[in-house]
Amino acid sequence: MSSDKEKEELIAYLDGELPDESASLVEKSLVDDAAVRSDVEQLTKTFDLLDLLPPAKASDGFAEKTLTAIRTQQSVPHTKVTEKPSPVEKFQPDVSRCAIACGIRVVAFLGLMFAATAGFNGAFKQSSKPIDELLTEFPVIQRLDEYQEIGDVEFLKTLSESGLFDERDKAPQD
Amino acid sequence: MSSATHQIDQIAWLRDPDVQRMLRVRDDDEAAFGELVEAYQNRLIGIFTHVLHDSSAAEDLAQEAFLRVYRARHRYQPTAKFATWLFRIANNLATNRLRSLSRRKEVSMKGAGSGRQSLPNPEQLAAEKSALMPTRQLDNQEMREVVRQSLDTLNDRQRIALLLNKFEHMSYADIAASMDLSVQAVKSLLTRARENLRIQLEPYLTGSPERGSN
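Sequences listed follow chains B and R, in order. In case it helps, our numbering puts the first sequence at residues 1 to 174. In case it helps, our numbering puts the second sequence at residues 1 to 214.
Just so you know, nobody snuck in bad clues.
With a cut-off of at most 27 angstroms between alpha-carbon atoms, the simulated DSSO-like pairs for lysine-lysine come out as follows: (1) B:Lys-5 x R:Lys-166; (2) R:Lys-81 x R:Lys-166; (3) B:Lys-7 x B:Lys-28; (4) R:Lys-81 x B:Lys-57; (5) B:Lys-57 x R:Lys-166; (6) B:Lys-57 x B:Lys-45; (7) R:Lys-166 x B:Lys-7; (8) B:Lys-65 x R:Lys-81; (9) B:Lys-45 x B:Lys-28; (10) B:Lys-45 x R:Lys-166; (11) B:Lys-28 x R:Lys-166; (12) B:Lys-7 x B:Lys-45; (13) B:Lys-28 x B:Lys-5; (14) B:Lys-45 x B:Lys-5.
Short derived list, chain R residues pointing at chain B, Cβ under 8 angstroms: (15) Ala-58; (16) Met-143; (17) Arg-198.
Derived from the structure by calculation, the hints contain no laboratory data. C-beta atoms are modelled at their ideal positions from N, C-alpha and C, and glycine is treated no differently.
Next up, chain B with everything else stripped away, as it sits in the complex:
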């Protein structure tokens, strides 16, 4: 059996990684030595057996899920996702981190409230992409508190038809 060094040269030769001079020496030993030829045959065949391993295939929607994950990360405000935090980031006050954490919790809570309201109005839907829905509805979620105080659309119509705001527009009070 070849020595470790000889095996190393043999395998590098099979991988096309030997410089010409060393490759010539290996080729000479292949011609002269049956044991080396036998080694090469076995190394090649066992290496080729790896082709029996089943090829992997990404599940359906993998690329889309990955892109959605990226968009989700981008939509979170003031979140820098870098592998190496810069020296400036290390000194950012904890307040901003708390604000980010609180902001995320508020958005999540409002998102739940919005979902409950939508269900009451018969708009209950099961979405296979909840993150996408939240992203789409984010402008509404942001002002949900204000919208809830208004009550309903009928009240808004009534207010508009009352002319109350027309009078105010015409004659601003001092």
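Knowing the structure of chain B, use the given hints to seat chain R on it.
Here is chain R on its own, set in the frame of chain B:
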């Protein structure tokens, strides 16, 4: 590396179509990033699957690798082929995951060795198989399982280097860059991996327990 050599290498890397895509990603071109995901998803998941034996975990890690690429996009400098950089990220993720799994195994299996799995004695197995089957050859499914198990007898670095060599057709230099090793270290790693594979699988080639001559 001389300045001229470095410039020549840079020009070579810039010719890599995936480097060009990544430069578009650097400029926030999401479509270009989608193209890279489509091009590499199966390859990444394949490597992770063979390393972790868990297709779900493999997809998680593949997604994490892509996320890291995207996060680092504004700092991207083409100093190597894109695949080399991507698989360097993949190697880091795989190594960390394997380390974490190994720690969990050591905790849950106190006293048990956390070393490599070993195949059943190939001589015995070959004899059993030959007794059961009309021929000494195993069918593809059985052989696939034997190959998978023989891959498991390699240590983590040998396995990763071998997979990059076999399925990504990476040069020793690219494997070295991906695994943060010297070229000589990769050469030694692959030699041991291929030799171990040969020892495990050789009886299944001939169907007999004969070994190669020494």
